[in-house]
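Q: Listed below are the residues making up each chain.
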Amino acid sequence: MSDPSRLEIEALAKIMDELDYYHLLNVERDVSTRDLKLAYYKNSRIYHPDANRNLDAAIQERCHEISKCMTEAYCVLRDPRKRAAYDSQLESGDGLRIQLAAARAAHAKNDAERRTGTTPQGKQFLLKAEDEVRRDNIPGAIQNLQMALTFEPGNDGFKELLEELRKKQKS
Amino acid sequence: MADLAIGIDLGTSNSCVAIMRNGKIDVLSNAFGEKTTASVVAFHEDGSITVGNAARANIIHDPCYTVSSAKRLIGRYHFSEEVRKAQAICSYEIAEGPNHGVRIHVRDEDFSLPEISAMVLREMKQVAEARLNVEVTKAVITVPAYFNDNQRQATKDAGQIAGLEVLRILNEPTAAALAYGFGKGLEQKVAVYDLGGGTFDISVLEIGQDVFEVLATCGDTFLGGDDFDDRILDLLADEFVVKEGINPRNDPYALEKLKVAAEAAKRGLSVEDEVEIRIPDVLVGDDGETRSLERTITTEQFGELVQDLVVRTFKVCDEALQQADLTVRDLDGIILVGGPTRLPIIRNAVKAYFQRDPQADVDPDEVVAMGAAIHAASLISVEQEAYLLDVTPLDLRIGVAGGQAEAIIERNTPVPIEQSRKFTPFKDFQESVKLKVYQGDSRQSDQNELLGQFEFSGFEPGPRSTTSIEVCFEINADGIVNVIARDPKSGQQASTEITLSSGLSATEMDKILARDRSADIKQAEIGPEDLDEPSFATPMSEDGEAELPQDDNLELAKDGDLELAADGDLDDFDDINEDELMALASEIDSDPNAISVGDAMEATDDVVPLEIDIADQEEPEGPAIGKLDLKTVAIAPELPTAPGADVDPDASMTMDPPETSAAPKVKEDLFDLSDDVNLCEDRDAEE
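Line by line, the protein sequences give chains A and B. So the first sequence is numbered by my numbering: it starts at 1 and just counts up by one. So the second sequence is numbered by my numbering: it starts at 1 and just counts up by one.
Worth double-checking, as some hints may not be accurate.
Derived lysine-lysine pairs resembling DSBU-like cross-links, with alpha carbons at most 30 Å apart [stated by the list, open to error]: (1) K189/B with K37/A; (2) K315/B with K37/A; (3) K24/B with K42/A; (4) K184/B with K37/A.
The set of hints was computed from the structure by calculation and includes no laboratory data.
Using the sequences and the accompanying hints, generate a full structural model.
A: What follows is the structure in structure tokens.
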């Protein structure tokens, strides 16, 4: 293996801890799954332990560390749900790395919140709306859901449900 | 002299060796001119040992001292289900060794499974050396993708005992895909359907830019060609019991005769529509009369016997496609691997399931060794030509309360990978903690393979509110598991490659290497007789015709019609995971404080009892299973050795972790370590 790649490895190993997953894999924030995969392949050719067996143990160890981190990055970014959890972590400045299980859990939690609401009032009006649906009172349900949305204007789960109810009302 | 490295497909029934030189792949044939060699070892009365097809011919004469299908037992605990199954059907003696390991007892000597497999590997090494005329010391050895860490380690040990430097333990389906796609510049998604003698694997790969990325691997280690033989064997034995009133299973010689007949019949059915089995002398009854057996089996009858086995393979395929997020329409090719895939019933069913013809240009018996040879050559060459990005086939788990196991690294996660979790001790000033590491797909810890128990005392005892232990789970590019426990505060850490807990200790390994039995292995003497009389299990000849046994005790006749369609019910797939999730979800709804098991991540503020027990000094040692010797290494606190080690130790305990370092922060999932499995609390520093 040529010297340039040794330099590349050493340089990346040095700054690896300061890079987010996008920078680590050298992709844009809006990278498509396809391009992400190609970037991962390209990086593997340089940093995979198999590519550097002929270098000394210290460099191999660095490759191993880089590879493990790149695998983690790839696993998070290729999964839209984990990626969403990671993006929100980045936005809130909560660190550059996320454990896979934590990403999965964060998404599951967001999902649950989307379904049940995050504020007591939101939750309550959602429950009322669901009651009205059971009674076949769609307009009543819509009213309650609109109330829920005034407490949680950003809740996509509520919006989706409202959209559904409106369709139902029309038909 | 250029470095040479071979690829060995160490199979349950047959092994195969290949080499790649100057871009050309050769499957190396043995002294008999056969490209596959039986994975059978025979121990003779005079102390000599034979390996290979000659040994297989010995089975019916000397069933108690002829060891076959050792791969089914390698890396397993003596108490495991598979060992019980093998005991019921194997004539050789399966004994219990140290640490609940398995030993084969032959002629007053105990052999570990790695030793038996080493004899087969050494045979393959010699086959290669005889062909190449040079010593060969490096090899890539393949294993079923679904092998767990214990089985991989044991296989690696076998290679070492055989005098080989094992460059890589490679997954069989990955090897097959490599052989199929190497150097062709393909952009494809392929499925590898690998039905071996003892295991079934399905892998879905994406090939592009000479990178072979495994998208998903699923398998069943309890399903293989041997099970097909067993179905015929059971039929023959049961009918014999009814007719003669004697159970042939109780007579090792009779059992071997039936087994050989069953396997020959199966092979016959891969080319004929009907086979006739005749064994004139199954056994001699108490009355001194010789009992015989005659029966015809048609493809249809065989199909009925094995229908459920075939269907089972497709349930695994469903799972793999789902994990890869693909449908059969997304696939560009199907590669068949393993002798049993020659069976028309399998070929037809595969065609029906995948809605396309499987690749015809790939030899199912040789393709894995060829792929291993390609990878071996690539691993010793300067310029890499193909990259394998493999996945871990099984969840890596840690034991939690209620006999459950929580996944830390999920299956089908690419390797190499490292994931870590933080724990706190249960008591103030607790001195050591014990963790149990499992591999497997079940939330029930006892249904997973226990890789080892991990005891860590290298942390500074203190109030639990300020004490945390970080446990790192790593799977390297070899698929081998490493676990490191460390105290982020002191930097003290204990690390271990989870050494095969049912396997060989370093001392045992040294002993084995010292008592080199290779001198006792008789080299195959090739005489005209040997060549004229192929043993029972002769490999297929070039044109795909089975060379059937020429023994007058066993005749196979052909006749009839062949048809066997795929089951219409193939695509029904029980989505267990989803059901479990639903159940879990309702649990969360009903009682937010009663959540346990595996849900620690999903509901971090809830109680998560853990089955991680404290090793109190005065407490007697638990069962010795998987007891690990840990080297405790003191490391200067200012020199953390892995990413995440330099996380502020206090962060785990505070509500709002201070961002003190520029280093990336590892998300922490905190578990308390408890000696009372039902009284642990889970805390999340983020909450």
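Q: Does each hint fit the structure? Answer for all of them.
A: Comparing the hints with the structure gives:
Distance restraint check for K189/B and K37/A: the Cα-Cα separation of roughly 14 Å lies within the 30 Å cut-off, and the hinted pair is therefore satisfied. The hinted pair formed by K315/B and K37/A meets the criterion: a straight-line CA distance of about 28 Å does not exceed 30 Å. With a C-alpha separation of about 26 Å, the suggested pair K24/B and K42/A falls inside the 30 Å cut-off, and the hint holds. Simply put, K184/B and K37/A have alpha-carbon atoms about 20 Å apart, close enough for the 30 Å limit, and the pair holds.
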